[in-house]
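Engineer: Make the full structure from the sequences, and use the hints.
Number of protein chains: 2
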Amino acid sequence: MAANNTITLYDLQLASGCTISPFVWRTKYALKHKGFDIDIVPGGFTGIKERTGGRSERVPCIVDDGHWVLDSWVIAEYLDEKYPDRPMLFEGPSMKAMLRFLDSWLWATAIRPWFQCYILDYHDLSLPQDHAYVRESRERMFLQGRKLEDVQAGREDRLPLVPPTLEPFRQLLRETKWLGGETPNYADYSALAVFLWTASVAKIPPLTEDDPLRDWLDRGFDLYGGLGRHPGMHTLFGLKLREGDPEPFVKEGAGLNTAPVNKGAPAAR
Amino acid sequence: MAANNTITLYDLQLASGCTISPFVWRTKYALKHKGFDIDIVPGGFTGIKERTGGRSERVPCIVDDGHWVLDSWVIAEYLDEKYPDRPMLFEGPSMKAMLRFLDSWLWATAIRPWFQCYILDYHDLSLPQDHAYVRESRERMFLQGRKLEDVQAGREDRLPLVPPTLEPFRQLLRETKWLGGETPNYADYSALAVFLWTASVAKIPPLTEDDPLRDWLDRGFDLYGGLGRHPGMHTLFGLKLREGDPEPFVKEGAGLNTAPVNKGAPAAR
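Note that the protein sequences, when read in sequence, are chains A and X.
144 is the number that the numbering used here gives to position 125 of the first sequence; each next residue is one higher, with no gaps.
187 is the number that the numbering used here gives to position 168 of the second sequence; each next residue is one higher, with no gaps.
Please note: incorrect hints may appear among the correct ones.
Given that identical chains are not distinguished, each listed pair holds provided it fits within a single copy or across any two copies.
As the list claims (entries may be wrong) - Result set (BS3-like, lysine-lysine): computed pairs, CA atoms no more than 27 Å apart in a straight line:
| no. | residue 1 | residue 2 |
| --- | --- | --- |
| 1 | K259 | K270 |
| 2 | K282 | K101 |
| 3 | K282 | K270 |
| 4 | K51 | K259 |
| 5 | K282 | K68 |
It is worth saying that the hints were derived from the structure and are not from the lab.
Structural biologist: Printed below as a string of C-alpha cells:
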C-alpha cells in the first residue's frame, strides 16, 4: 500500500511547469481516479535517465512504496490490479481493446495535424535546456528533417480543417456523459490527454468557441480540483474562421449518423 | 422465460434465404450468445408491417414468450437485462459507448464504399417481389436518384482502395483475440455484421486472400455451428490487385502505430 496514500510520478514538463506529455497526463488522472496523492518529480525532455537513476529513458514512471512501474498503460493496469477496491479505471477487456482503437483514431485525427501546427510553440515553451534536444529530435524523428519553423508556417490555413474531422468523436459524446458512462474512467482520461497535450502547446486555439466538445472538455479539465487547469495551459477555444473555411461541426440534430431506434410502426399504436 | 428456450426472430432475407440486414445478423449472434434457439420468421424487404401484424415497419424484431422487442440495439440490451445469468453481451457503459464509435467508423469506412460497389448485386440477389422496392428506395434514399447500374459501374477501380483504409481495424484485432477479449461479445457481433452483410451481397470479393482480418472473420463466421456460413453467402477473399493498386494492408510488424511499451532503459538491467 502506498505510504501516506501517496505515489511518486515522474513528470514531463514545459518551462511553465505544466505537463506536456499526453502519457503523463493520463497517468496523473489515473492516480487521482484511484484516490492517491501525487508526489511529482519535475523535469523536462532531457535528463530522464539521470532523474530515474537509470531506470527509464521515458516517462511517465511511478514509484509506489519503492516499486517502480513504467509506461502509462502498464501503470493503469497495475493500479487496477493492485487496488481493485478503489474505483476501477478499466471496465474490462472489451473496453480496453476499443479504447486502443479510439486512441489511435484521435492520434491520427487530432494530434497528427495539430503537431504540425504547434511544433514551434512546443519547442519555444519547453525548458531552455530542452530546446536543442526538442528541435533536433523532432526534426529528425517526426518531420523528415524539415525545420520546425517551416512545418508550423501556414497553420492559419490548416487549423480550420481539423475541427470538422472530429465529428465522429462529437457524435460519441452526444450519446454519453462520459466515455466511462455516468462517471469518467480511463477512456476519458486517455482521450482528454490528447486535448490536454494540445492545450499545453497551443499558443493559438484549435477549436471554435462554440464547439460541442467544450462541455466534455471543460468537465474533464475541471476534474480533481481542476487538474487540467494549470496556469501554463492555453485555451482550446477561440479559433476564428474565415470566408471559405468549412463548417467546424454539425449542428445538433442535423447530422446524426447513427440509425434511429425502431419504435414500431405508427399505425400499430 | 422463453418457452422451450426459443425466441422468435423476424428476418430480412435475400432470395437464397440468407440474411442480408447487418442489424438482423447481429441479433442472430446475440440470441445464440445468450444460448437461445431461434425461430426464424422469413421474409424480405417488403411486407414487414403485414408479417409483424402492424407492430413494426423494420426488422429485426423478436418475440420472447409473447413480448415484442424492436430494434437490434434495444434487443441486445433487453437480452442482458432479462437474462443476466446467461453470458453477457455488453461489458458495461464504456464498452457500449465505444462500440457505437467503432460501428460508426466501420459503416463510414467499409459499408459506405462497398454499398456503392455491390448495390446492383444487392438488388439482383433480393427476392423477386422486392426488386422494385429495393431499386426505387435505394436510388431515392441513398443514391441521389442515380441508377443502381451507374453507381456500381467501375467498381474494379474502387474496390482496391478500400482494404488499406481498414488498417486501424486490423491493428485493433492484432492486439486482442476478440473485441470482447478472450471470448466474443456484442462488439464482435456488431463488427462481424458489417462483413456478414458484405458477404451476403458481394458477387466479387472485397478483400485479398491474405488479408490479416481473415483469421477473426473466419472464426466469427464459424461461431455457433457456422452461423455465418449460409450457402447463399459469398466469399470475402480473393480480390485481385492490379499494377498500381495500393498495398492492401500493412505487413505484420512494419507499421504498428501504437506506442511501444516502456520496458525501461537498457542500461538499467
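Engineer: Are any of the numbered hints broken by this structure? If so, which, sorted upward?
Structural biologist: The structure breaks only hint 4.
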